[in-house]
Structures are given as C-alpha cells and as structure tokens.
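S.K.: Each chain, letter by letter, is given below.
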Amino acid sequence: MSFTPSPAGRGFTVFDKGNVLGFMMMAPAVLYVLLLVGYPLILAFMYSVSDITVGSEQFKYVGLANFRTIIDDPNFKTALKNTILFTVVSTVIVVVLGKILSLSLLKAFRGKFLLRGLILMPYVAPISLGVIGWLWMLDSIYSPINWLLKHSGLFGPDFWPMWLGKPDLAMASIIAVHVWRLLPLATVIMLAGLISIPQDIQDAAKVDGAGYFRQLFTITIPMMLPIILVAVLFAIVFTATDIIIILVLTRGGPYDSTQVLVSLAFYTGIDAGDLAVGAAIALFLVPLLVAVAITMLKLARRAEVV
Amino acid sequence: MEGWKKTAKEWALRLAHYVTLTIFALFAAIPFFWMLITTFKQDADLYNRNFNPFIFNMAPTLDHLRYLFTQTLYVRWLLNTAFVGVLVVLITLALAIPAGYSLVRLTGRMGERLGIGIFLTYLVAPTILFIPMSRVVANLGLKSIPPELEEAAMIDGYSRFGAFVRMVIPISTPGILTVVIFSFTLVLQEYIYTLTFITASDHYTVSVGVPTFLVHGDVYNWGALMGGCLIASVPIAIIYNFFVDRFIGGLTLGAVKG
Numbered sequence: 001m002s003f004t005p006s007p008a009g010r011g012f013t014v015f016d017k018g019n020v021l022g023f024m025m026m027a028p029a030v031l032y033v034l035l036l037v038g039y040p041l042i043l044a045f046m047y048s049v050s051d052i053t054v055g056s057e058q059f060k061y062v063g064l065a066n067f068r069t070i071i072d073d074p075n076f077k078t079a080l081k082n083t084i085l086f087t088v089v090s091t092v093i094v095v096v097l098g099k100i101l102s103l104s105l106l107k108a109f110r111g112k113f114l115l116r117g118l119i120l121m122p123y124v125a126p127i128s129l130g131v132i133g134w135l136w137m138l139d140s141i142y143s144p145i146n147w148l149l150k151h152s153g154l155f156g157p158d159f160w161p162m163w164l165g166k167p168d169l170a171m172a173s174i175i176a177v178h179v180w181r182l183l184p185l186a187t188v189i190m191l192a193g194l195i196s197i198p199q200d201i202q203d204a205a206k207v208d209g210a211g212y213f214r215q216l217f218t219i220t221i222p223m224m225l226p227i228i229l230v231a232v233l234f235a236i237v238f239t240a241t242d243i244i245i246i247l248v249l250t251r252g253g254p255y256d257s258t259q260v261l262v263s264l265a266f267y268t269g270i271d272a273g274d275l276a277v278g279a280a281i282a283l284f285l286v287p288l289l290v291a292v293a294i295t296m297l298k299l300a301r302r303a304e305v306v
Numbered sequence: 307m308e309g310w311k312k313t314a315k316e317w318a319l320r321l322a323h324y325v326t327l328t329i330f331a332l333f334a335a336i337p338f339f340w341m342l343i344t345t346f347k348q349d350a351d352l353y354n355r356n357f358n359p360f361i362f363n364m365a366p367t368l369d370h371l372r373y374l375f376t377q378t379l380y381v382r383w384l385l386n387t388a389f390v391g392v393l394v395v396l397i398t399l400a401l402a403i404p405a406g407y408s409l410v411r412l413t414g415r416m417g418e419r420l421g422i423g424i425f426l427t428y429l430v431a432p433t434i435l436f437i438p439m440s441r442v443v444a445n446l447g448l449k450s451i452p453p454e455l456e457e458a459a460m461i462d463g464y465s466r467f468g469a470f471v472r473m474v475i476p477i478s479t480p481g482i483l484t485v486v487i488f489s490f491t492l493v494l495q496e497y498i499y500t501l502t503f504i505t506a507s508d509h510y511t512v513s514v515g516v517p518t519f520l521v522h523g524d525v526y527n528w529g530a531l532m533g534g535c536l537i538a539s540v541p542i543a544i545i546y547n548f549f550v551d552r553f554i555g556g557l558t559l560g561a562v563k564g
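So the sequence lines, in the order shown, correspond to chains G and P.
Using this note's numbering, you'd call the opening residue of the first sequence number 1 and step up by one each time.
Using this note's numbering, you'd call the opening residue of the second sequence number 307 and step up by one each time.
Hint data in this document are derived by calculation from the structure and do not stem from the laboratory.
Hints are not guaranteed to be accurate.
[Claimed, not checked] Lysine-lysine pairs mimicking DSS-like chemistry, simulated, CA-CA at most 30 Å apart:
| hint | chain 1 | residue 1 | chain 2 | residue 2 |
| --- | --- | --- | --- | --- |
| 1 | G | K112 | P | K315 |
| 2 | P | K315 | G | K81 |
| 3 | G | K81 | G | K107 |
| 4 | P | K312 | G | K112 |
| 5 | P | K311 | G | K112 |
| 6 | G | K206 | P | K315 |
Make a model of the complete structure from these sequences and hints.
M.R.: Structure follows, in structure tokens:
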C-alpha cells in the first residue's frame, strides 16, 4: 500500500510511516516468540549433545553419544513407531468423521443448538479431566462400556476386553480418545469451510441434475481442500505432540508398549532426571513436524491457486 | 408413483441424518453423562459390578462435592485457572492484534514469510500456541476490512496508528472474539508446563490439581474427580457453544474475498 495521506494539520510522525509502524507493531510478538520458543529450542539442542542431568551443576559436551544410545534403545523405536501410528490413524479417522459430522450440522434442525453443545464438549473440556473420565470407562474391572456390551447379549459370557491392559487394545483406546477429543475441532473447522462455499455453484449443480453424493465428491470436497488440509494439520500437530492422553490413560504401559516420543522424553528427562537424553528424544519430533507443516503449506498454497 | 418414491427417499435421508447425529452426540457425550451420574453416586453403588453404571442404584449423595470443596484446594485451583486464563488472553491480544494488522496491511511479502515462520513455531512448542495461532486467526479476521475505512479515518486527521485503534479494532470484533475464545480454551487445556514448573499445590490450575490430588497412588476418588471435571468443563462448554457461530464467522471472514 503506497497510500500516504496528508494528515490535517499535524506533522508527519512515526505513527504514520507504514513500514516503520508495521515493523514496530510486529516487534513485540516476534520478540516474545523468539524468547519463549527460540531460546528454549537452542537450549534443547545444547542439552541433547551434553551430559546434563537434573542435578548437575555444569555439563560437558559429549557429541552424539546420546543419540547413539537412543537409537539402540528398543523403547525408543517403539515410541517412534507409536507416534507415527497414532498420529496417522487418528488424523485419518478424525478428518473423515469430521467431514461427515460437519455435513450433518450444516442445515438447521430442531435441537441443533443443544446437540452442537454436546458434540463440542470433548474439545472444550480440559484434556486431563476429560481423559480421566475415559480412564474409568475403559477400566479393567468396572468399565461401563463392557457392562453395556455384556448386557446387550451380543457377545459371549467371557467377553470382557482389557482395554488398557493389553497392548493392542491400549493402542486402539488411545487412538479412540484422540479422535474423541479432536472431532469437535475438526468439525468446526470443516463447517467453516462448508459455509464459505458459494451457494450458486451448488444450485447450478442441482439444476444440472447432480445427486447428493455426486455433488459431494465432485464439488464440495475439492472446493474444501484447503480447509481439509488445515484440519489435517491441526490433527497431526495435536496428536503427535500430545502427552496428556498417554500419561493419564496408560502411563506408557502396558510394559512401555504405548510410549510416544513426547511421553518417553518426559519420563526420561524429567521423571528420571536424564535431561540430555530426554532432550535428544524430544528433538526427534521437530524435523517430523516441520516437514509436515511445510508440506501442508505448500499443498495449501497450490490448492488455493486453483 | 414418482412422488411417493421421492418422499420415501427424503424420509430415508432425514432418518439417516438424525441417526448419524445421534451416534456422534452419544460418542461425544457419554463420558460426560457418566461423569454427571458418578459425581452423585455413592461409592458402594459405583464399585458394584452388578449395578447398571448409568443410573442411580442407591440414593444419590452430595458427599463427593462436599469433599471437593472443603477438603481440597479446588476453589483455589479454579481461581488460579481463571487468573492465568485472563492474563494469557490479554497478553495474546496485545501482541497478536497489532502483529496481525501489520502482517496484513503493512509489510507485504516479507511479512507473510515471517507470519508463516511464526506459525511454524506453533508446532515446535505446542504449548506456546497462543501467539502464533491467534495471529493466524486475527489475520483472517482483518483481511476483509476494506482499506477505505482507514483512509477515511486518516483523512480526518488520525495517524495510521490512530486509525488502527479507532476503526480497525472495533470492526474486527468477531476475529478478536475468536482469538479470545481460542486462547482461553488452550489455556484450560494446559497441563504439562504447569506440571513441570509449579510445585506448590496451592498454585496449581484445575487441569493439574484435579488429577494430582484426587488420586492417591492407585486409589482414585472417582466421585470427587468427576465432580471436579464437570464443574470445570460444563460452563466453558456452554459459553463456547454460544460463540461457535462467531468463531466460524471469524474463520470465514477471510475467505470472502471482496
């Protein structure tokens, strides 16, 4: 914008110069982020190549020793595999279900307000508290879910899944809780996308005789692609970096089979005090997420050009 | 014949619609419904495998709530959470709105790159979400405000900054509200930094205090736990429900290219 007005009467001060003002207005935010994100990040890098622990006064450089230790550790391999597994599966499920739900919430209907409130609750409630509820729902002895299933008569008398006690079931439970929590967010994001599709295109399609599903797949979804990507990005970030669900639900068990990178880093670095190795583990997450983010942004930009 | 087929099809779609919605609502709400019942359930009722977990098999009780409010620091935690929440929202607004404005109006390509860079930091530090995220949202809200408004204000004698404060901020209220709600929700979710940094139990926030103190080793005080969860979640959910329309409006303002 090269528009520079001549203010009535006053002289031209710094509050008028576009570029300087722009810089000044960005500065506080940039500074804040640099201090609170940049500085700890640099520290993390430094820690990961040192032998610092929670109790140590000084630390010395040890090169890549920590990373070598980690790569040989089977727990790390499990954590890495789990992080990717949970993230991918949860994201796919959340995006698909979110699409369905947002389509259902598009039109007005009786009770929509109340229903929407209910559907929103999993995301709005503090994570740790909502997940605690699930802790009981999946409890090995008292699970209401099992009670319901058993009394429905559909399954045999020995049916009593140990949702949090067996590794496979535990993993499925964790994914289910991730989906439960993120579904409202994905739905709201996609609802926003749906609303912004111009009505005339849909009307034109109807006139041309396109049925509901045809419309859906050839018009609605392609037009929503940027928004869908936003939802995917959020889902990936929130799932890959989440530690609370693991900590509360399984604590990484049973037998460390549901550890993810973040939880392993926490247990190693803070619980056990080995800050250096904890930092090294946590750092593995960074390139993963950055790569994902850049890919998403590139795809989104390309989609918008269309 | 054709008319009948069409109505049947409409009814089938309607039914499918309602069934889908019900399933989703159940999925979302069942833990909370169970929390509600458990808050008032006697322990003997809860720990009996033969009882239906979704109804009261024995008389309901207020004991757990009494315990929560008198024997723990719950009220303190609620206050702490509110305090932190308000503070974070204020700081976020103060930093993000000017920055968002500058991104949209004043700095061109380099600003855009910087904005994306800041958004990336969002990934690296998942709990320093507020600033970058709110930037993006503020951005979206600010894009659709016509520049003519500011020019008019500037011709009237306001400096650029003055125009910003007097014209842009009031009009971008939907975007700002979105930022507020988003930030506050993110604060509520905060767990791990609180867990790591704070050791004095009377400084805890609700999301850490409840799991830490109502669980003694392996024994969970479920009644009080669930009461604590509900009281922290339901009011926010109600408020959020009211504001979701605004939230969506904030997100789509940017999409309307005018």
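S.K.: Taking the hints in turn, state whether each one holds.
M.R.: Cross-check of the supplied hints:
no., hint, result
1, K112/G - K315/P, "22 Å, holds"
2, K315/P - K81/G, "46 Å, violated"
3, K81/G - K107/G, "41 Å, violated"
4, K312/P - K112/G, "25 Å, holds"
5, K311/P - K112/G, "28 Å, holds"
6, K206/G - K315/P, "16 Å, holds"
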